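Numbered according to the numbering used here, the sequence shown spans residues 471 to 837.
Any given hint might turn out to be false.
To be verified - Derived lysine-lysine pairs resembling DSSO-like cross-links, with alpha carbons at most 30 angstroms apart:
hint: 1; residue 1: Lys663; residue 2: Lys651
hint: 2; residue 1: Lys750; residue 2: Lys641
hint: 3; residue 1: Lys653; residue 2: Lys553
hint: 4; residue 1: Lys641; residue 2: Lys562
hint: 5; residue 1: Lys753; residue 2: Lys690
hint: 6; residue 1: Lys547; residue 2: Lys562
hint: 7; residue 1: Lys740; residue 2: Lys753
hint: 8; residue 1: Lys548; residue 2: Lys562
hint: 9; residue 1: Lys653; residue 2: Lys641
hint: 10; residue 1: Lys663; residue 2: Lys690
hint: 11; residue 1: Lys663; residue 2: Lys641
hint: 12; residue 1: Lys750; residue 2: Lys690
hint: 13; residue 1: Lys809; residue 2: Lys732
hint: 14; residue 1: Lys753; residue 2: Lys732
hint: 15; residue 1: Lys750; residue 2: Lys740
hint: 16; residue 1: Lys750; residue 2: Lys809
hint: 17; residue 1: Lys753; residue 2: Lys809
Please keep in mind that the hints were generated in silico from the structure rather than gathered at the bench. Please read all numbers here as calculations on a predicted model, not as lab measurements.
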Amino acid sequence: MKRLLAVCTAALTLMLAGSPAASSIDHAAAAAPLTLMVDGEITATGLYAFSENNLIYVPARVLTEYYSASLSWNNRKKQLTFKTDYNAILLKSGSEFMQYGDGNLEPIAGKIMLRGGHVYFPADELNHLTGADYEYDEAGGEVRIQSGAVSTTVRTPKEPLAAAEGYPAIKLYAVSKDGDKYKGYILEAEGRKYRFGWENPRDLSYPPELHAADIDGDGKQEAVIVFMLGHGTGIVEQEVHVIRTQDGTELPVVPAPEAAGKLVSSGVAKDGTDLLMNLKLQKSASPSVSIRIPGRAADGQTVDQAYYGSVVYYNVDGGRLVARINVFIGFGESIGDLKLTYARSGNGLVPESITFEGYDEYPAAMK
(Lines of atoms letter the chains of each structure in order from A; the text may use other names.)
(Lines give C-alpha, C1' and ligand atoms only; values in the text may rest on other atoms or scores of the structure.)
Protein backbone atom coordinates (compact mmCIF):
# COMPACT_ATOMS: atom_id res chain seq x y z
CA MET A 471 0.00 0.00 0.00
CA LYS A 472 2.84 2.36 0.90
CA ARG A 473 4.62 1.37 -2.33
CA LEU A 474 1.50 2.13 -4.40
CA LEU A 475 1.09 5.47 -2.66
CA ALA A 476 4.73 6.33 -3.38
CA VAL A 477 4.29 5.51 -7.08
CA CYS A 478 1.16 7.66 -7.33
CA THR A 479 2.89 10.50 -5.49
CA ALA A 480 5.88 10.28 -7.84
CA ALA A 481 3.61 10.27 -10.89
CA LEU A 482 1.71 13.29 -9.62
CA THR A 483 5.00 15.08 -8.93
CA LEU A 484 6.17 14.37 -12.49
CA MET A 485 2.90 15.64 -13.94
CA LEU A 486 3.10 18.86 -11.98
CA ALA A 487 6.75 19.34 -12.79
CA GLY A 488 6.13 18.64 -16.47
CA SER A 489 3.35 21.14 -16.91
CA PRO A 490 5.57 24.23 -17.35
CA ALA A 491 7.67 22.33 -19.90
CA ALA A 492 4.78 21.38 -22.16
CA SER A 493 5.44 21.50 -25.90
CA SER A 494 4.85 24.68 -27.88
CA ILE A 495 2.04 22.92 -29.71
CA ASP A 496 0.30 22.25 -26.39
CA HIS A 497 0.72 25.91 -25.46
CA ALA A 498 -0.67 26.88 -28.82
CA ALA A 499 -3.68 24.65 -28.34
CA ALA A 500 -4.35 26.27 -24.98
CA ALA A 501 -3.94 29.82 -26.29
CA ALA A 502 -7.04 31.78 -27.13
CA PRO A 503 -7.73 31.60 -30.88
CA LEU A 504 -7.38 34.79 -32.91
CA THR A 505 -9.97 35.64 -35.54
CA LEU A 506 -8.34 35.44 -38.98
CA MET A 507 -9.40 38.00 -41.59
CA VAL A 508 -8.53 38.15 -45.29
CA ASP A 509 -9.16 41.36 -47.21
CA GLY A 510 -11.58 42.58 -44.56
CA GLU A 511 -13.63 39.39 -44.24
CA ILE A 512 -13.41 36.38 -41.94
CA THR A 513 -11.45 33.61 -43.63
CA ALA A 514 -13.54 31.02 -45.42
CA THR A 515 -11.39 28.20 -44.01
CA GLY A 516 -13.09 28.34 -40.60
CA LEU A 517 -9.65 28.18 -38.96
CA TYR A 518 -8.03 30.59 -36.53
CA ALA A 519 -4.63 32.15 -35.96
CA PHE A 520 -2.82 32.01 -32.62
CA SER A 521 0.12 33.57 -30.80
CA GLU A 522 3.09 31.51 -29.60
CA ASN A 523 6.57 32.57 -28.46
CA ASN A 524 5.89 36.16 -29.49
CA LEU A 525 5.00 35.02 -33.00
CA ILE A 526 1.66 35.00 -34.80
CA TYR A 527 0.85 31.70 -36.50
CA VAL A 528 -1.60 31.27 -39.38
CA PRO A 529 -2.92 28.11 -41.07
CA ALA A 530 -1.34 27.18 -44.39
CA ARG A 531 -4.81 26.56 -45.80
CA VAL A 532 -5.47 30.30 -45.84
CA LEU A 533 -2.87 30.75 -48.60
CA THR A 534 -5.04 29.19 -51.31
CA GLU A 535 -7.92 31.43 -50.34
CA TYR A 536 -6.26 34.44 -51.92
CA TYR A 537 -3.30 33.09 -53.88
CA SER A 538 -3.11 30.89 -56.97
CA ALA A 539 -1.48 27.78 -55.52
CA SER A 540 -2.21 24.25 -54.34
CA LEU A 541 -1.47 22.35 -51.12
CA SER A 542 -0.63 18.64 -50.80
CA TRP A 543 0.08 16.74 -47.58
CA ASN A 544 2.54 13.85 -47.11
CA ASN A 545 1.42 12.18 -43.91
CA ARG A 546 4.44 9.87 -43.67
CA LYS A 547 6.89 12.79 -43.78
CA LYS A 548 4.53 15.18 -41.96
CA GLN A 549 5.25 17.58 -44.78
CA LEU A 550 3.06 20.05 -46.69
CA THR A 551 3.89 21.14 -50.24
CA PHE A 552 2.87 24.67 -51.27
CA LYS A 553 2.95 24.64 -55.08
CA THR A 554 2.57 27.53 -57.54
CA ASP A 555 3.00 27.66 -61.31
CA TYR A 556 6.66 28.50 -60.89
CA ASN A 557 7.82 26.96 -57.60
CA ALA A 558 7.24 24.40 -54.86
CA ILE A 559 7.95 25.01 -51.17
CA LEU A 560 7.98 22.28 -48.52
CA LEU A 561 6.73 23.01 -44.99
CA LYS A 562 7.74 20.22 -42.61
CA SER A 563 6.25 19.98 -39.14
CA GLY A 564 8.81 20.93 -36.49
CA SER A 565 11.25 22.50 -38.94
CA GLU A 566 12.49 26.08 -38.75
CA PHE A 567 13.19 26.13 -42.50
CA MET A 568 11.21 26.26 -45.72
CA GLN A 569 12.62 23.94 -48.37
CA TYR A 570 12.38 24.87 -52.03
CA GLY A 571 11.89 22.40 -54.84
CA ASP A 572 15.57 22.66 -55.76
CA GLY A 573 16.57 21.62 -52.24
CA ASN A 574 17.59 25.04 -50.95
CA LEU A 575 16.62 25.83 -47.36
CA GLU A 576 15.33 29.21 -46.20
CA PRO A 577 15.27 29.94 -42.45
CA ILE A 578 11.98 31.22 -41.05
CA ALA A 579 10.96 33.11 -37.90
CA GLY A 580 9.81 30.06 -35.93
CA LYS A 581 8.94 26.37 -36.10
CA ILE A 582 6.29 25.02 -38.45
CA MET A 583 3.55 23.47 -36.32
CA LEU A 584 0.98 20.73 -36.81
CA ARG A 585 -2.16 21.46 -34.83
CA GLY A 586 -5.55 19.78 -35.08
CA GLY A 587 -4.57 18.19 -38.38
CA HIS A 588 -3.56 21.53 -39.94
CA VAL A 589 -0.16 23.03 -40.66
CA TYR A 590 0.60 26.45 -39.19
CA PHE A 591 3.55 28.73 -39.92
CA PRO A 592 4.70 32.18 -38.70
CA ALA A 593 2.66 34.98 -40.26
CA ASP A 594 5.93 36.85 -40.85
CA GLU A 595 6.46 34.51 -43.83
CA LEU A 596 3.24 35.56 -45.60
CA ASN A 597 4.97 38.29 -47.56
CA HIS A 598 7.78 35.98 -48.62
CA LEU A 599 5.36 33.28 -49.78
CA THR A 600 2.67 35.36 -51.44
CA GLY A 601 3.42 39.08 -51.24
CA ALA A 602 0.69 39.56 -48.63
CA ASP A 603 1.00 41.64 -45.46
CA TYR A 604 -0.70 41.27 -42.10
CA GLU A 605 -1.43 43.21 -38.94
CA TYR A 606 -2.17 41.93 -35.45
CA ASP A 607 -4.91 43.64 -33.45
CA GLU A 608 -4.13 42.36 -29.97
CA ALA A 609 -6.99 44.25 -28.30
CA GLY A 610 -9.52 42.99 -30.83
CA GLY A 611 -8.07 39.49 -31.03
CA GLU A 612 -7.74 39.63 -34.81
CA VAL A 613 -5.07 38.88 -37.40
CA ARG A 614 -5.77 40.73 -40.64
CA ILE A 615 -4.20 39.64 -43.92
CA GLN A 616 -4.06 42.12 -46.79
CA SER A 617 -3.61 39.99 -49.88
CA GLY A 618 -1.71 42.58 -51.92
CA ALA A 619 -1.86 43.58 -55.57
CA VAL A 620 -0.38 40.37 -56.99
CA SER A 621 -2.62 37.95 -55.10
CA THR A 622 -5.93 36.50 -56.17
CA THR A 623 -9.16 36.22 -54.27
CA VAL A 624 -12.81 35.36 -54.76
CA ARG A 625 -13.74 38.34 -52.61
CA THR A 626 -15.35 41.50 -53.93
CA PRO A 627 -12.73 44.27 -54.19
CA LYS A 628 -13.80 47.31 -52.19
CA GLU A 629 -11.70 49.76 -54.22
CA PRO A 630 -12.69 50.60 -57.81
CA LEU A 631 -10.62 49.23 -60.65
CA ALA A 632 -11.01 52.53 -62.48
CA ALA A 633 -12.61 55.97 -62.24
CA ALA A 634 -13.44 58.18 -65.21
CA GLU A 635 -11.10 61.14 -65.58
CA GLY A 636 -12.98 64.34 -64.82
CA TYR A 637 -15.95 62.32 -63.54
CA PRO A 638 -14.83 60.71 -60.24
CA ALA A 639 -18.39 59.63 -59.42
CA ILE A 640 -18.29 57.21 -62.37
CA LYS A 641 -16.43 54.11 -61.17
CA LEU A 642 -15.90 50.52 -62.22
CA TYR A 643 -15.66 47.64 -59.72
CA ALA A 644 -15.05 43.94 -60.17
CA VAL A 645 -17.76 41.72 -58.70
CA SER A 646 -15.00 39.24 -57.86
CA LYS A 647 -11.47 38.37 -58.79
CA ASP A 648 -10.79 34.68 -59.13
CA GLY A 649 -7.33 33.48 -60.12
CA ASP A 650 -6.32 35.29 -63.29
CA LYS A 651 -9.84 36.50 -64.13
CA TYR A 652 -12.25 39.22 -63.16
CA LYS A 653 -15.74 37.73 -62.97
CA GLY A 654 -18.50 40.27 -63.35
CA TYR A 655 -18.40 44.05 -63.00
CA ILE A 656 -20.35 46.84 -61.32
CA LEU A 657 -20.55 50.28 -62.92
CA GLU A 658 -21.39 53.09 -60.50
CA ALA A 659 -22.84 56.18 -62.20
CA GLU A 660 -25.56 58.78 -61.70
CA GLY A 661 -25.91 57.54 -58.11
CA ARG A 662 -26.86 54.08 -59.37
CA LYS A 663 -25.07 50.76 -59.68
CA TYR A 664 -25.36 48.52 -62.72
CA ARG A 665 -24.13 44.94 -62.79
CA PHE A 666 -22.69 43.17 -65.86
CA GLY A 667 -21.58 39.58 -66.36
CA TRP A 668 -18.42 40.26 -68.37
CA GLU A 669 -15.42 38.03 -67.61
CA ASN A 670 -11.94 39.17 -68.60
CA PRO A 671 -8.30 38.39 -67.88
CA ARG A 672 -6.95 39.99 -64.72
CA ASP A 673 -3.78 41.67 -65.95
CA LEU A 674 -2.32 44.07 -63.40
CA SER A 675 -0.14 45.67 -66.10
CA TYR A 676 -3.21 46.62 -68.11
CA PRO A 677 -6.14 47.45 -65.81
CA PRO A 678 -9.53 48.33 -67.31
CA GLU A 679 -9.86 51.85 -68.72
CA LEU A 680 -12.93 53.96 -67.95
CA HIS A 681 -13.95 57.09 -69.87
CA ALA A 682 -17.01 59.34 -69.70
CA ALA A 683 -18.26 61.29 -72.72
CA ASP A 684 -21.36 61.95 -74.81
CA ILE A 685 -20.40 59.29 -77.31
CA ASP A 686 -23.70 59.07 -79.19
CA GLY A 687 -24.47 62.81 -79.32
CA ASP A 688 -27.70 62.69 -77.31
CA GLY A 689 -26.51 65.26 -74.77
CA LYS A 690 -26.03 62.66 -72.01
CA GLN A 691 -22.93 60.92 -70.68
CA GLU A 692 -21.98 57.39 -71.62
CA ALA A 693 -19.40 55.31 -69.82
CA VAL A 694 -16.83 53.74 -72.13
CA ILE A 695 -15.05 50.70 -70.69
CA VAL A 696 -12.01 49.21 -72.42
CA PHE A 697 -10.66 45.79 -71.42
CA MET A 698 -7.32 44.31 -72.41
CA LEU A 699 -7.98 40.73 -73.52
CA GLY A 700 -4.47 39.83 -74.62
CA HIS A 701 -1.12 41.23 -75.67
CA GLY A 702 2.23 40.03 -76.95
CA THR A 703 4.60 40.41 -79.89
CA GLY A 704 2.49 41.77 -82.73
CA ILE A 705 -0.75 41.17 -80.80
CA VAL A 706 -2.98 43.55 -78.84
CA GLU A 707 -6.63 42.61 -78.37
CA GLN A 708 -9.04 44.95 -76.63
CA GLU A 709 -12.78 44.87 -75.99
CA VAL A 710 -15.00 47.92 -75.60
CA HIS A 711 -18.37 48.45 -73.90
CA VAL A 712 -20.45 51.64 -74.02
CA ILE A 713 -23.05 52.07 -71.25
CA ARG A 714 -25.73 54.76 -70.91
CA THR A 715 -25.15 56.08 -67.39
CA GLN A 716 -28.77 57.18 -66.88
CA ASP A 717 -30.26 53.68 -67.19
CA GLY A 718 -27.42 51.14 -67.56
CA THR A 719 -28.33 50.21 -71.15
CA GLU A 720 -25.41 48.94 -73.22
CA LEU A 721 -25.01 50.32 -76.75
CA PRO A 722 -23.71 47.60 -79.11
CA VAL A 723 -20.41 48.48 -80.79
CA VAL A 724 -19.35 46.90 -84.07
CA PRO A 725 -15.85 45.52 -83.33
CA ALA A 726 -13.14 47.40 -85.20
CA PRO A 727 -11.62 44.35 -86.98
CA GLU A 728 -15.07 43.29 -88.19
CA ALA A 729 -15.82 46.80 -89.44
CA ALA A 730 -12.44 47.14 -91.16
CA GLY A 731 -12.95 43.83 -92.93
CA LYS A 732 -16.05 45.28 -94.59
CA LEU A 733 -14.76 48.80 -95.23
CA VAL A 734 -11.20 48.13 -96.43
CA SER A 735 -9.79 46.16 -99.35
CA SER A 736 -6.15 45.92 -100.39
CA GLY A 737 -3.69 44.65 -102.95
CA VAL A 738 0.03 44.66 -103.65
CA ALA A 739 1.88 45.87 -106.76
CA LYS A 740 5.56 46.21 -107.66
CA ASP A 741 7.13 49.46 -108.82
CA GLY A 742 10.74 48.78 -109.73
CA THR A 743 12.46 47.68 -106.54
CA ASP A 744 9.69 49.09 -104.39
CA LEU A 745 6.50 47.46 -103.20
CA LEU A 746 3.21 49.34 -103.27
CA MET A 747 0.44 48.46 -100.85
CA ASN A 748 -2.82 49.82 -102.22
CA LEU A 749 -5.79 50.35 -99.91
CA LYS A 750 -9.39 51.10 -100.87
CA LEU A 751 -11.32 52.70 -98.02
CA GLN A 752 -15.06 53.22 -97.73
CA LYS A 753 -16.39 56.11 -95.61
CA SER A 754 -13.09 57.94 -96.09
CA ALA A 755 -12.14 61.42 -97.31
CA SER A 756 -9.18 59.71 -99.00
CA PRO A 757 -10.67 56.48 -100.36
CA SER A 758 -7.53 55.47 -102.26
CA VAL A 759 -4.20 55.10 -100.48
CA SER A 760 -0.92 53.81 -101.90
CA ILE A 761 1.89 53.10 -99.44
CA ARG A 762 5.40 52.78 -100.86
CA ILE A 763 7.69 50.25 -99.21
CA PRO A 764 11.19 50.97 -100.54
CA GLY A 765 13.40 48.13 -101.77
CA ARG A 766 10.98 45.36 -100.86
CA ALA A 767 9.71 44.18 -104.24
CA ALA A 768 11.78 41.01 -104.35
CA ASP A 769 12.54 40.07 -100.75
CA GLY A 770 9.69 37.60 -100.43
CA GLN A 771 9.03 38.65 -96.83
CA THR A 772 5.77 40.51 -97.39
CA VAL A 773 2.18 39.42 -97.99
CA ASP A 774 0.04 39.89 -101.07
CA GLN A 775 -2.51 42.01 -99.21
CA ALA A 776 -2.71 44.12 -96.08
CA TYR A 777 -3.17 42.28 -92.82
CA TYR A 778 -4.90 43.94 -89.88
CA GLY A 779 -6.82 43.08 -86.76
CA SER A 780 -4.06 41.62 -84.57
CA VAL A 781 -3.35 44.99 -82.91
CA VAL A 782 -6.49 46.90 -81.89
CA TYR A 783 -6.77 49.85 -79.50
CA TYR A 784 -9.94 51.68 -78.40
CA ASN A 785 -10.02 55.15 -76.88
CA VAL A 786 -12.14 58.27 -76.46
CA ASP A 787 -10.79 61.20 -78.47
CA GLY A 788 -12.58 64.55 -78.59
CA GLY A 789 -15.74 63.01 -77.18
CA ARG A 790 -15.82 60.31 -79.88
CA LEU A 791 -15.18 56.60 -79.66
CA VAL A 792 -12.10 55.85 -81.76
CA ALA A 793 -10.42 52.58 -82.71
CA ARG A 794 -6.94 52.21 -84.16
CA ILE A 795 -5.85 49.09 -86.00
CA ASN A 796 -2.31 48.39 -87.15
CA VAL A 797 -1.83 47.56 -90.83
CA PHE A 798 0.80 44.87 -91.40
CA ILE A 799 2.73 43.69 -94.46
CA GLY A 800 4.48 40.86 -92.62
CA PHE A 801 4.80 39.39 -89.16
CA GLY A 802 5.29 42.23 -86.70
CA GLU A 803 5.93 44.75 -89.49
CA SER A 804 3.42 47.59 -89.40
CA ILE A 805 3.20 50.32 -92.06
CA GLY A 806 0.53 52.47 -90.39
CA ASP A 807 -2.84 52.56 -88.66
CA LEU A 808 -6.47 52.57 -89.65
CA LYS A 809 -8.38 55.08 -87.53
CA LEU A 810 -12.10 54.32 -87.17
CA THR A 811 -14.32 57.04 -85.67
CA TYR A 812 -17.68 55.80 -84.37
CA ALA A 813 -21.12 57.41 -84.39
CA ARG A 814 -24.64 56.40 -83.38
CA SER A 815 -26.59 54.33 -85.88
CA GLY A 816 -29.89 52.80 -84.84
CA ASN A 817 -29.44 51.25 -81.41
CA GLY A 818 -25.67 51.00 -81.53
CA LEU A 819 -22.37 52.49 -82.65
CA VAL A 820 -20.73 51.93 -86.04
CA PRO A 821 -17.72 53.52 -87.79
CA GLU A 822 -18.74 56.83 -89.32
CA SER A 823 -15.38 57.41 -90.98
CA ILE A 824 -12.09 55.62 -91.58
CA THR A 825 -8.67 57.17 -92.15
CA PHE A 826 -5.23 55.75 -92.88
CA GLU A 827 -2.43 57.20 -90.75
CA GLY A 828 0.97 56.29 -92.18
CA TYR A 829 4.51 56.26 -90.84
CA ASP A 830 7.27 58.56 -92.12
CA GLU A 831 9.42 55.67 -93.33
CA TYR A 832 6.60 54.45 -95.59
CA PRO A 833 5.50 57.35 -97.84
CA ALA A 834 1.77 57.27 -98.53
CA ALA A 835 -0.03 58.86 -101.47
CA MET A 836 -3.70 59.56 -100.78
CA LYS A 837 -6.44 60.41 -103.26
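Are Lys750 and Lys641 close enough, with their CA atoms no more than 30 angstroms apart?
Between Lys750 and Lys641 the Cα gap is close to 40 angstroms, so the pair fails against 30 angstroms, i.e. violated.
Quickly compare the C-alpha distance for Lys641 and Lys562 to 30 angstroms and report which way the hint goes.
violated (46 angstroms)
Tell me if the straight-line CA distance from Lys753 to Lys690 falls inside 30 angstroms.
Distance of about 26 angstroms is within 30 angstroms: holds.
Restraint status (C-alpha distance of Lys548 to Lys562 at most 30 angstroms):
holds (6 angstroms)
Next pair to validate is Lys653 with Lys641; report whether the Cα-Cα distance is within 30 angstroms.
Within the cut-off at roughly 17 angstroms; holds.
What's the verdict on Lys663 and Lys641, does the C-alpha distance respect the 30 angstroms limit or exceed it?
Answer holds: Lys663 to Lys641 is near 9 angstroms, not above 30 angstroms.
Would you mind confirming whether the straight-line C-alpha gap from Lys653 to Lys553 stays at or under 30 angstroms?
holds (24 angstroms)
Within 30 angstroms, alpha carbon to alpha carbon, are Lys547 and Lys562?
holds (8 angstroms)
For a C-alpha distance cap of 30 angstroms, please report whether Lys740 and Lys753 respect it.
Given pair Lys740, Lys753 holds - Cα atoms ~27 angstroms apart, limit 30 angstroms.
Given pair status - Lys809, Lys750, alpha carbons within 30 angstroms
Holds, at roughly 14 angstroms.
Hinted pair, alpha-carbon criterion (30 angstroms max): Lys809, Lys732. Please report holds or violated.
Between Lys809 and Lys732 the Cα gap is close to 14 angstroms, so the pair holds against 30 angstroms.
Given hint Lys690 paired with Lys750 - CA-CA distance at most 30 angstroms
Outside the cut-off at roughly 35 angstroms; violated.
In this structure, the hints that do not hold are numbers 2, 4, 12, in rising order.
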